[in-house]
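**Q** So the chains spell out like this:
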Amino acid sequence: MEKFGYAQSTKFDTFASRLLPREEYFVGGHRSCQGCGEALAVRWVCKAIGKDAVIAHATGCMEIVSSGMPQTAWMHPWIHVAFENTAAVAAGLEAGYKILARKGKLEGKPPKVVAMGGDGGTSDIGLQALSGALERGHNFTYVCWDNEAYMNTGIQRSSSTPYGAMTTTSPPGKLSIGQSTWKKNMVAIAVAHGIPYVATASPAYLFDLYFKIRKAVETPGPAYVHVLCVCPTGWRSPTELSVRLARLATETAVFPLYEVVNGHYRLTVEVPKLRPVRDYLRLQGRFRHLRDKEIDFIQRQTLANYELLLKKCQAPFPEFVPLAHEEGKEVE
Amino acid sequence: MTKPLEQTTWQEIEIGGILTEPGSAREYDVGTWRSQHPVWTKSRCIKCGVCWTTCPEGGISEQPDGYFDMNNYCKGCGICAKECVTGCITMVPEEE
Amino acid sequence: MAKPRAQAKRVGMEVSIAVSHAVRLARAEGIAAYPITPQTHIVEYLSSLVANGELEAEFMNVESEHSAISACIGMSAAGARTYTATSSQGLALMHEILFIASAMRFPIVMTVANRALSAPLSIWNDHSDIMAARDIGWIQVFVENGQEAFDHSIMAFRIAEHPQVLLPIVVNLDGFILSHVVEALEFVDQETVDKFLPPYKPRHRLDPRRPVTMGAFAMPEIYTEVKMAHQVALSEAYERILAIWQEWGELTGRYYRPVEHYRTEGAKVLFLTMGSLSEVAEVAVDDLREAGEEVGLLKLRLWRPFPFAALREAVDGAELVIVCDRALSPGGPGGPVHSEVRSALYPLAQRPQTLGYIIGLGGRDVSPATFKEILVSARQELQKGPSQEFYLFGVRGA
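Chains as they are written, first to last, in my numbering: chain A, 10 to 341; chain B, 8 to 103; chain C, 8 to 405.
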């Protein structure tokens, strides 16, 4: 197991962007918004899973922008069935290839089966199918594109929407601060199923994402990778900041990058000096309505969660810039 | 080449509505969406390829001389300019 | 020269088990099913067949019926021969995906052990579950006894996988009344089934060497055309179904028709039933004929594609057709089968009267006497002019 994934990546001396694979498996011409963080993630995950893979995809942004008749942006064999059953379809694909291989009806090895779905299709409506597929132990990988709301239908909240975020169904108002619940911890749910590999990933840390996906597809049994996808349209952020924001999410501990291998936690991207969450929140229009009270709560909760995570990872707590942030200071 | 929808008869549709040409989205001209596009100052470019990796569209391609330039899939989001390591990319408004 | 009869072994067997054996003989490769009364014996027995290596298949213990049909789509997309079974609430839970399975042309075979839909909860037989699924675009057949359940379960795979059909198919058998009774039936051996049913050859599969995109969305400009293709495939399946039934007849001596006739010669009044109710109706028709009544029975076997021509031909010469539904469409035409039969007969220049009676809901027992009472009631209603759109028969307090 150690020869794959992040451990493998440490065997390399040079990480040069230009040395990554050139062949596109999620081609240009798809209709995502300008600056779509999810499209960027899909582009690289498709390269990482390799040519010998099939994809089952949920209804959502990526499915819609890429598969309007008569054109498709996918180079992989790809199937879309419905919103909430992607994990079940993927499980069926895996079982189908298994029996065909056993009966000698498959030419070559069974392809890698990769299920993909948004946060809506994964943590809400698709949770049952995901749980079933993970519990049955199918040899497949589930990748969640987390853009933190039901973006395709017009930015409605999901259980992955962060606390305080504005969405059309969790709008701030006289009686509301926006989303009133904390983001559902999908990684913990996946880990609770006892599967061999779970990880978080971000397109802002491409090598980390690339090697994690490789590790996920090579791991026998179920694997779950949760990818943070910045959505400028839904987050009300400038289109050019989609990678910057994803990086800030990790630098503020809002979205730490770690993996769980057979139940053992390991931080894969260490942040030696944490930034205050305000640096992350202030760049997004969806948090514009938050007052100090909510931001302080988010800050404390984020740090508390991070501390718990670090304990599991047996990593030291990093240096943290004090809560009060100077007003008007330029954010890098 | 995929046939325009309005001209496709029911008999011409593949069974189950299956699309048999992978990557046919390449035919779609998203280039008309952009209101700005990236321009590289080659003297400051170190050919690192970060811009190419951070483009959600695959809208940047390596040129024969090893430098990178946009192609027609660029939607003008500006991520490449923001992420460029040396800051050699500038977003310039589209002419017209 | 008549073809020799296939090797037949006569057994007494619970119909659910017979269906499982049919699925085994058909060499189903992927099974994904969720237990629900009264389908449970089918999936339990299939599970043990797989566990003992008697059926080489992947048996997925899915966590719901919705996932069962979804997993079947996955297995079928991989290129495997797939099977599932359900009833009532399970069928209702699958509903969303059923339309998708047929429109995407996956030849899945499904047994429905018909059971009443909640509320109130009922585990007993009626046809409300499948009647709520008329528009799913699947081929649909009804069987009336164990032999038919066995035969049609095997034929279903051949029909579904026919290269010009490639549509999923439902085989309906009455829950408990059929699924849980022991009947005498004639088995067909593996060698015969193998000759009748060649291995599944998918037109498209998910294969990295030939990548395709399945399940693309359709703009208004093209949606209708895709639906047209589906409709044509389903209605043109009719001839192919008949040809396959003919082949089975030559193989086993058991011939099946989309509309079966029972003592219809010279009949002025025809009952029309589906499923196991037909066998009860036959007894009633025998009694009535003995008493001098000119009555007969039509047994509707093929529900989708609807056998318009065969039905119109079958009622020729009759004055009254009494359709006995086992499902209720509230607030509307009442009996789904009656409304479709009446609508199918409407364009005829000469057509019999039709009346719709609904019986046997929620597993209520129907005896031959019921049919005789219905005949009396029907005649009274015709005499004074029908007083209702349909008749929910045998209700206490009416």
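Rather than coming from a laboratory, the hints here were simulated on the basis of the structure. Check each hint, because a few of them may be wrong.
[Said to hold, decoys possible] For each label pair, taking beta carbons as the anchor points, the in silico distance ranges come out as: (1) T16/B - D61/A: 34 to 42 Å; (2) T16/B - D142/C: 23 to 31 Å; (3) I22/B - G230/A: 29 to 37 Å; (4) E32/A - A15/C: 33 to 41 Å; (5) E34/B - K16/C: 38 to 46 Å; (6) D196/C - G113/A: 18 to 26 Å.
Glycine included, C-beta positions come from ideal geometry on N, C-alpha and C.
**Q** Hint by hint, say whether it matches the structure.
**A** Results for each hint:
The supplied range of 34 to 42 Å is met by T16/B and D61/A, whose beta-carbon atoms lie about 36 Å from each other. In this structure the hint that T16/B and D142/C lie 23 to 31 Å apart at CB holds, the actual value being about 24 Å. Distance hint check: the CB atoms of I22/B and G230/A are about 34 Å apart, consistent with the given range 29 to 37 Å. Checked against the hint of 33 to 41 Å, the pair E32/A and A15/C fails, with Cβ atoms roughly 58 Å apart.
Look at E34/B against K16/C: about 60 Å separates their beta carbons, and that is not inside 38 to 46 Å. Between D196/C and G113/A the CB atoms are about 23 Å apart, so this pair conforms to the stated range of 18 to 26 Å.
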